[in-house]
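**Student:** Chains A and B, in that order, give the protein sequences.
At position 130 of the first sequence the residue is numbered 130 (this note's numbering), and the sequence of numbers has no breaks.
At position 108 of the second sequence the residue is numbered 108 (this note's numbering), and the sequence of numbers has no breaks.
It should be emphasised that the hints constitute simulated quantities derived from the structure, not laboratory data.
Every residue, glycine too, gets a C-beta built ideally from N, C-alpha and C.
Do not take every clue at face value.
[Said to hold, decoys possible] FRET-style restraints, in silico, Cβ to Cβ:
1. A:Q96 to B:E117: 46 to 56 Å
2. A:R249 to B:N142: 33 to 43 Å
3. B:D44 to A:A121: 32 to 42 Å
4. B:T92 to A:S53: 36 to 46 Å
5. B:I20 to A:A121: 54 to 64 Å
6. A:R212 to B:S83: 48 to 58 Å
7. B:G158 to A:H115: 54 to 64 Å
[Unchecked claim] Partial list, derived from the structure: chain B residues whose beta carbon lies under 10 Å from chain A:
8. N142
9. L146
10. Y147
11. A151
12. R157
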Amino acid sequence: MSKTFRSPHGDFPALRGLDVRAASGEFVCLLGPSGCGKTTTLNIIAGLEQADSGTVWMDGQPVGGPGPDRVLIFQEPALFPWLNVRDNVAFGLAAQGVPRRERQRAADVQLEMVHLQEFAAASVHQLSGGMKQRVALARALALNPQVLLMDEPFAALDAQTREALHLELQSLWSATGKTIVFVTHNVREALVLGDRVVLLSARPGHVKSEFRCDLPRPRPMESHTLVDMAQAILTDLRSEVQAAQEEARHEQHPL
Amino acid sequence: MSSTRSRLLFFAGLIVLWEILVRLHLWPAYVFPSPLAVARSLFDGILSGMIPLAVLTSLRRVTLAYAGSLLIGIPLGLLLGRSRMLQDTLGTLVLGLQALPSICWLPLALLWFGLSEAAIAFVVVMGAVLSITLSTADGVRNTPPLYLRAARTMGARGWRLYSGVILPSALPAILSGMKLGWSFAWRSLMAAELLYVSLGLGQVLTLGRELNDMARVLAVMLVIVTIGLLTDYAVFRPAERRVRQRWGLQGNT
């Protein structure tokens, strides 16, 4: 896939020849320096943006616009403040035309999965950041998507909440068998969660290298093997961060 | 101190100050009547049925015209907020017309509709509809892009996206437009009634001037202000409070 953003100030190639595959039920982490096109990649898979060239394939079918088989979760929970928690979770089903009673029942089931059933009637603003993100997760899962696309969903949370959500996401993943594409710039997070970590290059983004991670789950963040692997990836990543900074300097002082 | 108590004290103080000024005899009573004279005039006006009739007439006019303004203003604002082209063309016209005090439409309305209820309704609608349209369009335009992306990734499109996300997200802005629109409607009605229309509070006000009855003029002004305040307290504040609670903003004001 390739993607170039065009603006009056010039063209910004975001992706060039990116090729990522995920097996069904696989947990893939996309890792890369900021501005490497991770978010763009997810947006294109979700169908919210179009690639200039290349196609997103799913089970041998090219993917068109956005669809409930691939739901994107954002860094901010993006819950709707005018709906209570249950109706937020039921929103996607409402958009699919599921009758009210049925979708509320489905929403309650999902809320139970993320252990928030007693907050079904609460307003969104009464929840903490971590709880909101769990509601966002339940809202996505309510649609029973094949693929869950997650764009740094835990980046804005504190370390403890993030760790709790890592555990929760892993148990949800093994319970549901969803394919997950998870974007992060945090090496350890990628290793804790992913079956496979795909390292993207600096802009324009393409796959630089891949790492398998077969450690038994749940994986503690402090495990030695994990820290060693993170070290190896960090060395790789650092050269990309430098490249990204060079690029930024170059943009500030164009020749 | 509770806000009701401070409010009561403030207005009691104001009346006392008024009475003191009257007793200083700085101006003759027909220019500056005492609070008691105004209260008596108000009382007489209510008892004789003149003020209740005027209030009912004015309220009926403003309610009808305001309902019409909402029916025109909100859909128009929804359209303006979503279409760049409409915003550039019609939006500019709406913005320009807002510079025109609505009472300036009265001569045109009289020529079009004659001396009729329609003429006054037209003036009131022209006073209220623009601010409702502009606020609604603003609300729609300021829908957080994140909400739209979230809704689209869940498969919401077209009408569902509009009614499920854009409209509710614009609700606080629409509400403040409605509130503004109401006060414009009320003022426009008073201006129009002053200038010609029979019955209504504005008419009673003009009558007071013609009879040189300053107490009555002040009494009617008091009624006009009170009705404005009451609608604000009874209708718009509760609605705004509910929205603020829902949105989790109630601590801010």
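**Student:** Please test the hint of 46 to 56 Å on the beta carbon pair from A:Q96 and B:E117.
**Tutor:** holds, 49 Å
**Student:** Can the hint on B:N142 be confirmed by a CB-to-CB distance to chain A that is less than 10 Å?
**Tutor:** violated, 14 Å
**Student:** Would you say the C-beta atoms of B:G158 and A:H115 sit inside 54 to 64 Å of each other?
**Tutor:** violated, 35 Å
**Student:** Per the CB criterion, is B:Y147 less than 10 Å away from chain A?
**Tutor:** holds, 6 Å
**Student:** CB of A:R212 to CB of B:S83, is that within 48 to 58 Å?
**Tutor:** holds, 51 Å
**Student:** Can you let me know if the beta-carbon spacing of B:T92 and A:S53 is within 36 to 46 Å?
**Tutor:** holds, 40 Å
**Student:** Do the numbers back the hint for B:L146, that is, is its least Cβ distance to chain A under 10 Å?
**Tutor:** With a minimum Cβ separation of about 5 Å from chain A (threshold 10 Å), the hint on B:L146 holds.
**Student:** Is the gap between the beta carbons of B:I20 and A:A121 within 54 to 64 Å?
**Tutor:** holds, 56 Å
**Student:** With 32 to 42 Å as the target window, see if B:D44 and A:A121 comply at their CB atoms.
**Tutor:** violated, 54 Å
**Student:** Confirm or reject the claim that A:R249 and B:N142 have a C-beta distance inside 33 to 43 Å.
**Tutor:** Holds, since A:R249 and B:N142 (Cβ atoms, about 35 Å apart) stay within the stated range.
**Student:** Is the shortest C-beta separation between B:A151 and chain A less than 10 Å?
**Tutor:** Holds, about 7 Å.
**Student:** Next item in the hint list is B:R157. Is there a CB on chain A closer than 10 Å to its CB?
**Tutor:** With Cβ-Cβ at 8 Å, under 10 Å, it holds.
When each numbered hint is compared with the structure, violations occur for hints 3, 7 and 8.
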